[in-house]
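Q: Next come the chains, spelled out residue by residue.
Number of protein chains: 2
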Amino acid sequence: MTSIAPDAAARLIAEIRFDANGLVPCIAQQHDTGEVLMMAWMNADSVAETLTTGRVCYWSRSRNRLWRKGETSGQQQRLIDLRVDCDGDTLLALVDQDGVACHTGRHNCFFHALRDGQVTTIADPLVDPKTLYGA
Amino acid sequence: MTSIAPDAAARLIAEIRFDANGLVPCIAQQHDTGEVLMMAWMNADSVAETLTTGRVCYWSRSRNRLWRKGETSGQQQRLIDLRVDCDGDTLLALVDQDGVACHTGRHNCFFHALRDGQVTTIADPLVDPKTLYGA
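These protein sequence lines map, in sequence, to chains E and H.
Position 10, counted from 1, in the first sequence is what full-length UniProt numbering calls 10; the numbers after and before it change by one each time, with no gaps.
Position 94, counted from 1, in the second sequence is what full-length UniProt numbering calls 94; the numbers after and before it change by one each time, with no gaps.
Please note that a few of the clues may not be correct.
Where chains are identical, the list cannot tell them apart; a pair therefore holds if satisfied intra-copy or between any two copies.
[To be verified] Heads up, simulated DMTMM-like pairs for lysine to aspartate or glutamate below, C-alpha to C-alpha not over 25 angstroms straight-line:
1) K130 to D87
2) K130 to D19
3) K130 to D81
4) K130 to D7
5) K130 to D89
6) K130 to D116
7) K130 to E71
8) K130 to D98
9) K130 to D45
10) K130 to D32
11) K130 to E49
Think of the hints as simulated: they come from the structure by calculation, not from any bench.
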């Protein structure tokens, strides 16, 4: 996928059941390895921008604005395909991740798990976050 | 994973930042193929039950009760690993899915996508939902 025409994007957006805050969760999955990278939120504007530009754009709930993934860190996500689930309330974005997805410098965000009964960090950073975001 | 002791489950639950409704989104991924099957919600009780029984249990927002995946359809999810993301507000469950994950009889829930500018169903049911849930 490079980019989708606005009218086609609008047709997909019409299938989405946004929540009371106008948001929908979007899972980002690396298209070729199947690795689940992260989950973040989108509003209609961010879905439209993601489809029409081919670069994944979320809605930052903490900053209350569009969050063009990689805008600071350079770790962008190119959109390969955007899928809507059976009841329209969750999205799955197949992406090609530049570098790392997680703000901690890890490739994906899901690195806390139980091992031998203890909460354990199961992946190491591949990049120092200071090199992504500054000191 | 078979089952986790309650005290270890409590340690993982303590890492989770549940939302204002006491819920957290949980992505279910088939552990060996990487297929993203579905996304649903959990509360602390359903996380605890999932970990201690080794069978995935969600919280049904529509029915307002624990939803033991497969309790009606038989399409259970055996838990392989449960991971918490970097900021504690999303879970990733690696599972072994019995049969199909989606109530439509499809293997996963993410089957709406754009093809040639039109919203298209990109996967067929593998099972008739009537055989899962009755007529």
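Q: Tell me the hint numbers this structure goes against, listed in increasing order.
A: 2, 3, 4, 6, 9, 10, 11
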